[in-house]
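Quick note, the sequence shown lines up with residues 1 to 265 if you use full-length UniProt numbering.
Hints are computed from structural coordinates only; laboratory data are not their basis.
Just so you know, even glycine gets a beta-carbon here, dropped at the ideal spot from N, CA and C.
One or more hints might be untrue.
Stated by the list, open to error - PhoX-like cross-link-like pairs, simulated, lysine-lysine; straight-line CA separation at most 25 Å:
1) Lys178 x Lys253
2) Lys108 x Lys187
3) Lys253 x Lys187
4) Lys182 x Lys253
5) Lys187 x Lys106
As the list claims (entries may be wrong) - Restraint ranges, calculated between C-beta atoms of paired labels, are given here:
6) Asp223 x Leu168: 19 to 27 Å
7) Val227 x Thr114: 40 to 48 Å
8) Thr222 x Glu79: 31 to 39 Å
9) Glu79 x Val193: 20 to 28 Å
10) Val238 x Arg205: 19 to 27 Å
11) Cys109 x Lys178: 37 to 45 Å
12) Thr172 x Ala78: 39 to 47 Å
13) Asn183 x Leu90: 30 to 38 Å
14) Thr172 x Thr113: 39 to 47 Å
15) Glu196 x Gly151: 23 to 31 Å
16) Arg177 x Ser203: 25 to 33 Å
17) Asp75 x Val157: 25 to 33 Å
18) Val184 x Ser101: 23 to 31 Å
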Amino acid sequence: MKFRTYARNPEEEKCPVFEMHNTITVEAYCKTDPGVCRTCNEDICLVDLENSCFLVADGIGGSVGGDLAAAFMRDSAAELFADAGTVLHLEAARRIRDIFSLAHRKMKCCIETTPACMGMGCTAEVLLLSRDHFFLGHIGDSRTYRFRKSGLEQLTVDHSLVQEQLDLGIITSEQARKSRYKNVILKAVGGEVPPEIDSLHGSLRTGDIFLLCTDGLYSMVTDSEIVSVLEYDAPLAVKVEMLVDMANNAGGKDNIGVALVGLTG
Numbered sequence: 001m002k003f004r005t006y007a008r009n010p011e012e013e014k015c016p017v018f019e020m021h022n023t024i025t026v027e028a029y030c031k032t033d034p035g036v037c038r039t040c041n042e043d044i045c046l047v048d049l050e051n052s053c054f055l056v057a058d059g060i061g062g063s064v065g066g067d068l069a070a071a072f073m074r075d076s077a078a079e080l081f082a083d084a085g086t087v088l089h090l091e092a093a094r095r096i097r098d099i100f101s102l103a104h105r106k107m108k109c110c111i112e113t114t115p116a117c118m119g120m121g122c123t124a125e126v127l128l129l130s131r132d133h134f135f136l137g138h139i140g141d142s143r144t145y146r147f148r149k150s151g152l153e154q155l156t157v158d159h160s161l162v163q164e165q166l167d168l169g170i171i172t173s174e175q176a177r178k179s180r181y182k183n184v185i186l187k188a189v190g191g192e193v194p195p196e197i198d199s200l201h202g203s204l205r206t207g208d209i210f211l212l213c214t215d216g217l218y219s220m221v222t223d224s225e226i227v228s229v230l231e232y233d234a235p236l237a238v239k240v241e242m243l244v245d246m247a248n249n250a251g252g253k254d255n256i257g258v259a260l261v262g263l264t265g
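Could you build all of it, start to finish, from the sequences and the hints given here?
Take a look at the structure:
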């Protein structure tokens with residue numbers, strides 16, 4: 001396995017990297033931004049090409065605990081995927097579940113020692129690539145999309161009140177975008193109950209692009225606008241910057257977390 005790092009700035013969460021993974025070239029880039037309307041940034045992203053692990057998390061709990069909760073999620077992923085190498089299907093799914101469980105335990109310990117952090121939590125997307133398959137763990141209202149020639153596909157389903165209302169036919173998609181309840185989530189890492197994540201897996205194809213993002217992106221940018229960026233002939237780093245700029249230009253009402261993972265032959 002060979003890999004090369006073009007640049008890495010942990011403080012800005014911007015990590016463009018490149019490596020050969022079997023017969024597939026994997027390139028990834030991520031960035032978080034506080035947005036236009038907020039000064040603190042509770043979104044975090046992680047790109048670990050050496051272990052083919054990628055994460056985006058959105059902290060909950062305000063300035064006291066939100067950023068710390070997201071950091072616990074990132075650190076748990078980095079810890080449990082250190083020297084992961086190639087893992088089997090069952091092991092990959094288990095490792096992803098263990099990441100969420102470890103982050104949950106870290107948050108509980110933090111709350112016990114620092115009561116001001118009560119209510120801390122985070123939404124999260126964890127993506128692992130192994131051989132010719134992907135494995136995904138999801139909780140909350142952050143999202144993972146897959147872009148192919150056939151179009152953009154949302155792989156995850158939001159754990160939110162608005163999504164529940166959509167599923168029941170109570171509201172339309174347009175009403176969902178404008179709903180005052182769109183920030184009410186039903187599941188997250190944190191609290192008393194251990195996280196119940198959605199686990200997904202599937203095959204990889206050359207040309208796939210995975211987009212992991214927080215609601216600060218998709219609440220500001222439409223699917224068609226996302227597609228226009230992903231179709232654009234430019235490096236992933238440029239596309240990530242374009243998506244973040246697009247969300248900010250549309251109002252930037254929330255923190256923005258974006259990670260793109262692209263596969264080429």
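Now for the hints, and whether the structure bears them out:
In summary, the hint linking Lys178 to Lys253 is supported, as the alpha carbons are separated by about 13 Å, within the 25 Å threshold. Pair hint Lys108 plus Lys187 holds up; C-alpha atoms about 16 Å apart against a cutoff of 25 Å. Restraint check for Lys253 and Lys187: satisfied, since their Cα atoms lie roughly 22 Å apart, inside the 25 Å limit. A distance of roughly 13 Å separates the Cα atoms of Lys182 and Lys253; the hinted pair therefore holds under the 25 Å criterion.
Distance restraint check for Lys187 and Lys106: the Cα-Cα separation of roughly 17 Å lies within the 25 Å cut-off, and the hinted pair is therefore satisfied. Restraint check, Asp223 to Leu168: a C-beta distance of roughly 22 Å satisfies the suggested window 19 to 27 Å. At roughly 43 Å, the beta carbons of Val227 and Thr114 sit within the given window of 40 to 48 Å. Separation of Thr222 from Glu79 is about 37 Å and conforms to the stated range, judged on CB atoms against 31 to 39 Å.
Restraint check, Glu79 to Val193: a C-beta distance of roughly 23 Å satisfies the suggested window 20 to 28 Å. At about 22 Å, the beta-carbon gap between Val238 and Arg205 stays in the expected band of 19 to 27 Å. Taken as a hint, the range 37 to 45 Å holds for the pair Cys109 and Lys178, whose Cβ atoms sit roughly 39 Å apart. At roughly 41 Å, the beta-carbon separation of Thr172 and Ala78 lies within the given 39 to 47 Å, and the hint holds.
Roughly 35 Å separates the CB atoms of Asn183 and Leu90, a value that falls within the hinted 30 to 38 Å. Separation of Thr172 from Thr113 is about 46 Å and conforms to the stated range, judged on CB atoms against 39 to 47 Å. For Glu196 paired with Gly151, a C-beta distance near 30 Å keeps the hint of 23 to 31 Å intact. In this structure the hint that Arg177 and Ser203 lie 25 to 33 Å apart at CB holds, the actual value being about 32 Å.
Take Asp75 and Val157: their Cβ atoms lie about 27 Å apart, and the range 25 to 33 Å holds. The supplied range of 23 to 31 Å is met by Val184 and Ser101, whose beta-carbon atoms lie about 24 Å from each other.
Figure legend: structure checked against the earlier numbered hints; every hint is met.
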